[in-house]
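Enquirer: Model the full structure from these sequences, guided by the hints.
Same order as they appear, the protein sequences are chains A and B.
Going by my numbering, the final residue of the first sequence carries number 1313, and the count climbs one at a time with no gaps.
Going by my numbering, the final residue of the second sequence carries number 1313, and the count climbs one at a time with no gaps.
Simulated from the structure, these hints should not be mistaken for lab results.
What you are looking at is a predicted structure, and each value in this text was computed from that prediction instead of being measured.
There's no promise every hint is true.
It does not matter which identical chain is used: a pair holds within one copy or between any two.
[Claimed, not checked] Computed list of lysine to any residue pairs in SDA-like fashion (alpha-carbon distance at most 25 Å, straight line): (1) K1296 / R1177; (2) K1224 / D1257; (3) K1034 / A1259; (4) K1122 / P1019; (5) K1296 / D1049; (6) K1224 / G1157; (7) K1296 / A1000; (8) K1085 / A1154; (9) K1242 / H1027; (10) K1224 / A1310; (11) K1122 / A1154; (12) K1034 / A1246; (13) K1298 / H1235; (14) K1017 / K1034; (15) K1296 / R1054; (16) K1017 / E1150; (17) K1122 / G1052; (18) K1122 / P1022; (19) K1034 / F1092.
If you want the building blocks of each chain, they are given just below.
2 protein chains.
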Amino acid sequence: MTATVHPIGRPAGAPATAPSLDPIMALVAQDLNSVNSVILDRMQSKIPLIPELAGHLIAGGGKRMRPMLTLASARLLDYPGTRHHKLAAAVEFIHTATLLHDDVVDGSDLRRGKKTANLVFGNPATVLVGDFLFSRSFELMVEDGSLKVLKILSGASAIIAEGEVDQLTAQRQIETSEERYLAIIGAKTAALFAAACRIAAVVAERDEQVELALDAYGRNLGIAFQLVDDAIDYVSDEATMGKGVGDDFRDGKVTLPVILAYAHGSPDERKFWEAAIIGHRTSDEDLAHATQLLRQHNAIDLTLDRARHFGQRAIDAIAGFPASKAKSALIETVEFAIARGY
Amino acid sequence: MTATVHPIGRPAGAPATAPSLDPIMALVAQDLNSVNSVILDRMQSKIPLIPELAGHLIAGGGKRMRPMLTLASARLLDYPGTRHHKLAAAVEFIHTATLLHDDVVDGSDLRRGKKTANLVFGNPATVLVGDFLFSRSFELMVEDGSLKVLKILSGASAIIAEGEVDQLTAQRQIETSEERYLAIIGAKTAALFAAACRIAAVVAERDEQVELALDAYGRNLGIAFQLVDDAIDYVSDEATMGKGVGDDFRDGKVTLPVILAYAHGSPDERKFWEAAIIGHRTSDEDLAHATQLLRQHNAIDLTLDRARHFGQRAIDAIAGFPASKAKSALIETVEFAIARGY
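Expert: Shown next, in the form of structure tokens:
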């Protein structure tokens, strides 16, 4: 079912260097320094535990994917100002707050290869510092003063929280459909990617069509990213993943690979998945069996096919912009997102 | 040390009817209906768990103290519009989000005489629905469109979170000073009271002096409220309190009554408090002993004296406004806050 794999967005037969984040990182390096200054400055508080806990995650080697998207989108539009530095920091604060609360919700113990904040500092402090960062992100937006940006990011925040609750409701429910799953990751992951790109069009004072193009780029990229993450959870190892392989399986998370293996599974296999997802199959052998079933039904490749589809939609969403370093960097970012799965 | 107790803000010897919330409730009854409509409308979501969990707390018999303060403050300024309805709902959403997260942080099982949301729905959903309500509150403010209101409420939210983290750091630390304690409740409780009142001056387009007067009224009222709550925790019973008596004691919370009893205590008594606050004295006998020590050192009355001081400052902050039903209602609200302790 999988087609020949070549980097999407480039002609087949073009040199097959592995796509990377290098172009986007080079493009926004200087801007990102400014964003990092804002982040470090604005996570401070007279309560020492706040920067300590926030710094554990923020300084902990995240890719700054979302702020980079704001910065690269602004470059795509030749925005000459600096308003987006504060706003990119606001986006990263929303993301960080979400991660802190996620780790509490999931009881995770590893993120980006480090112990999670909830494990080191406890759930109570982690919840509250998340709240603090969330409030700070709105303070940054208010300082910028654009009601349009505030509307986009407060809307995205509400949608993220809805998506997280929806995911919680779907947890341990093997009957989750692909449609519902896509709605969940569209909310909990892709909404902030979309908003991060879209606000660049607002600060650059471009028309709504440009806003919508960047929104679509970010949204589809976000879905592709999440789908590849879901695939990687079953095939990677802890060293490259920064979290334990099979974590989703042990947590009873119904991700797309599982949905597809279940859909294609025999009655016996379905019984296995049902038991696994309600938490009765959590051993290493169970995980090995699950992985074998995914392989047998091509579920990882099918998931990556879906990711490629959304990746292509992201690339096509910005097809109308003239060629530029920024455009190439945004395209290669999509290719990188997909290539991680292969 | 305690003076003769008469309702503050009225001459001694005036008829001693018990102060109540009746005047403020009568004053804002109609406005509050509109606010409740906004609250019910905007806590909806296509994810059924969200209104279910939010409604558990929101419909659970809270006094709507903070929205009432926004509404009464607007009346004090003869504001003729309706913008404050949405904003009062936003204030209540921030408050509700804070309560949900508080109950997770404290592991509480009773609030307003009902099982807490975390007990009924679990910590994960409670954290996430708090996040949702917080985002919704910003959406409401964005719809109103006042950057000044957004600044006041995002600032207050950050301060609340800081205060909560600070309180967490102070938990189980008997050496907490009265000064630090006042800073904590100033942040975690009084900041939102202050903001709730202040935003009325913004929508009524009054000058900064009016903003500051209402801010001071709310802030001092908030501190008074919290101090009386802290006293009541040791002297009330579950029926009137809506939570268990002695909860603060068992949680190792260093509130002002404890700070004062410790300050006045003998070396043996100090040892008792030290053991109690780190969690080694949690039996009913220990609570009885603690209560007896508080009585012996007059710590409850001293705490209520402090509350009266801040209550008086609240009343004096609005002394410059001409006499009106709204002003009387705001004054009686302060008197009610204090009288609960006696």
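Enquirer: Compare the structure with each hint and give your call.
Expert: Against the structure, the hints:
1. K1296 / R1177: Answer is within: at 19 Å inside a copy they meet the 25 Å cutoff, but 51 Å across does not.
2. K1224 / D1257: Cα proximity of K1224 and D1257: one copy only (15 Å, versus 45 Å across).
3. K1034 / A1259: For K1034 and A1259, neither the intra-copy (30 Å) nor the inter-copy (55 Å) Cα distance is at most 25 Å.
4. K1122 / P1019: Answer is between; shortest inter-copy Cα gap is 24 Å, intra-copy 32 Å.
5. K1296 / D1049: within (11 Å within a copy, 58 Å between copies)
6. K1224 / G1157: Within one copy only: 16 Å inside a chain, 42 Å across chains, cut-off 25 Å.
7. K1296 / A1000: Classified as within; 13 Å inside a copy, 60 Å across copies.
8. K1085 / A1154: Neither: 30 Å inside a copy, 34 Å across copies.
9. K1242 / H1027: Close neither inside one copy (41 Å) nor across copies (36 Å); limit 25 Å.
10. K1224 / A1310: Within one copy only: 23 Å inside a chain, 52 Å across chains, cut-off 25 Å.
11. K1122 / A1154: Intra 21 Å, inter 33 Å, cutoff 25 Å: intra-copy only.
12. K1034 / A1246: neither (36 Å within a copy, 46 Å between copies)
13. K1298 / H1235: Neither, since 39 Å and 70 Å both go past 25 Å.
14. K1017 / K1034: neither (27 Å within a copy, 32 Å between copies)
15. K1296 / R1054: Intra 21 Å, inter 47 Å, cutoff 25 Å: intra-copy only.
16. K1017 / E1150: Between copies, since 15 Å is at most 25 Å while 46 Å is not.
17. K1122 / G1052: This pair counts as both: shortest intra-copy Cα distance 21 Å, inter-copy 23 Å.
18. K1122 / P1022: between (27 Å within a copy, 22 Å between copies)
19. K1034 / F1092: within (23 Å within a copy, 34 Å between copies)
The earlier numbered hints that this structure contradicts are 3, 8, 9, 12, 13 and 14.
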